[in-house]
Structures are given as structure tokens and as C-alpha cells.
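Enquirer: Sequence positions in the sequence shown follow my numbering and run 616 to 806.
Hints are computed from structural coordinates only; laboratory data are not their basis. Just so it is clear, the structure is predicted and the values come from calculations on it, not from any experiment. Please note: incorrect hints may appear among the correct ones.
[What the hints assert, rightly or not] So the derived label-pair ranges between C-beta atoms look like this: (1) Leu671 <-> Ala716: 11 to 21 Å; (2) Pro661 <-> Glu745: 18 to 28 Å; (3) Glu745 <-> Leu682: 15 to 25 Å; (4) Trp662 <-> Glu725: 30 to 40 Å; (5) Ala716 <-> Ala756: 34 to 44 Å; (6) Asp765 <-> Pro714: 44 to 54 Å; (7) Tyr659 <-> Gly728: 21 to 31 Å; (8) Gly658 <-> Glu733: 25 to 35 Å.
Don't be surprised by glycine CBs; every beta carbon is placed ideally from N, CA and C.
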Amino acid sequence: MSEHTSAQTAELQDEDDQELVPAVGGSLAGRGHRPVRYRPSTGYLPWLLTMCDRELARHMTRLLAELDLTEAQYGVLQALVHLRRASSATLARSVSVTPQAMVGLVAALERKGYITREFGRGAGRVIDAEVTARGKEAYEAAKRRVRALDRSLRRSYTDEEFDQLVGLLERLPGVLGRLDDQRGSRRRVED
């Protein structure tokens with residue numbers, strides 16, 4: 616922003632305190648999308664991560680819809696293929712959804728014939744799920760599509776850039792978790 620005068624800077628802000636300057640390092644615009652015309656003056660990193668998540672979700676939705684799968688259903692199949700058998704609670708934790716959301720995901724996958732469920736003895740709340748042969752076929756087809764998307768993304772960066780990007784993103788959940796821990800500590804002290 617140093618290249619703008621203060622009068623120009625004032626003109627480049629909208630009513631939500633958004634800087635109307637070109638995005639740094641390129642545009643978030645995909646095919647058929649207009650380039651990003653502003654950069655939030657506060658909260659840029661969360662905004663940028665949200666924009667990237669939405670663009671990736673758009674691609675994943677399109678790739679998986681052709682196989683009659685949602686991104687969440689693909690995540691459940693992926694987890695089950697690796698775990699072989701899991702409870703709904705374990706699956707919910709592995710794909711970061713609520714146990715209530717997992718009920719619907721598991722039911723949809725069972726209707727498609729991609730998984731089988733076995734209700735546990737006792738309280739009746741434990742449900743183990745397992746991938747069927749048909750589910751493994753659907754997972755393999757989806758995995759090929761996701762792998763192709765991954766390769767396309769990877770080709771957009773040098774090896775060094777890609778490794779750096781992945782390393783930074785892998786650290787982010789821990790950073791956010793520590794922020795939660797710090798907030799929790801402050802709340803306990805204030806109480």
C-alpha cells in the first residue's frame with residue numbers, strides 16, 4: 616500500500632474496511648472467474664484460506680459428483696479403506712464431522728451399497744462400518760480423480776515451493792490449536 620497516497624488509500628477501502636487492491640502473488644480467479652479485486656485489511660489469512668478451500672471444494676465437488684459421491688462421502692470411504700472397519704464415532708473424528716453428520720453420511724453410503732453396517736451388542740449405539748467391493752471400486756475411481764487434481768496442483772509449483780507450502784499448511788492446525796489452548800487458559804484465569 617505504500618505506493619498509494621493516503622487519499623488514494625481512503626478511496627481504495629469499501630464500507631467493510633476492505634482494501635481494494637490487487638491480491639498479492641496472483642489471482643484467486645479460476646477459469647471463468649473474475650480476478651480478486653480486493654484484499655481484506657484485517658483477517659487476510661483466514662479469508663485467503665477460506666477462498667482456497669471454496670475453490671478446492673468446487674473442484675472436488677465436480678470431480679466426485681460424476682461418481683455420485685460427495686467430498687465427505689469420499690472422506691469416509693477413504694478412512695474406511697485404511698481403517699478396514701470403524702465405528703461411526705471414529706469415522707466422525709477421522710473426517711472432522713459431528714457424530715450426527717456421520718449418521719447421514721454412513722446411511723447414504725450404505726444405500727449406495729458402498730458400505731455395510733453392523734450394529735454392536737449392548738447399548739446398541741456402536742455401529743461398525745466396513746467397505747464393500749462396490750465401495751472399494753467407487754473409492755478407487757474417486758482416488759484416481761483426486762490424484763489427477765493433486766498432480767495438476769503440484770505442477771503449478773516448483774518442488775521447493777510445494778514442499779514449503781505443504782509444510783506450512785501442515786503446521787497450521789497445531790498453531791490454531793495452541794490459540795484455542797491460550798484462549799481457554801485466559802478464560803480460566805478470568806473466572
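Enquirer: Next step is simple, just say for each hint if it's right about the structure.
Expert: Hints, one by one, checked against the model:
1. Leu671 <-> Ala716: 11 to 21 Å: At roughly 20 Å between Cβ atoms, Ala716 and Leu671 fall inside 11 to 21 Å, so the hint holds.
2. Pro661 <-> Glu745: 18 to 28 Å: 38 Å, violated
3. Glu745 <-> Leu682: 15 to 25 Å: Distance hint for Glu745, Leu682 holds at roughly 20 Å.
4. Trp662 <-> Glu725: 30 to 40 Å: 38 Å, holds
5. Ala716 <-> Ala756: 34 to 44 Å: At 24 Å between Cβs, range violated.
6. Asp765 <-> Pro714: 44 to 54 Å: 29 Å, violated
7. Tyr659 <-> Gly728: 21 to 31 Å: About 45 Å separates the Cβ atoms of Tyr659 and Gly728, which means 21 to 31 Å is violated.
8. Gly658 <-> Glu733: 25 to 35 Å: For Glu733 against Gly658, whose Cβ atoms are near 46 Å apart, the range 25 to 35 Å is violated.
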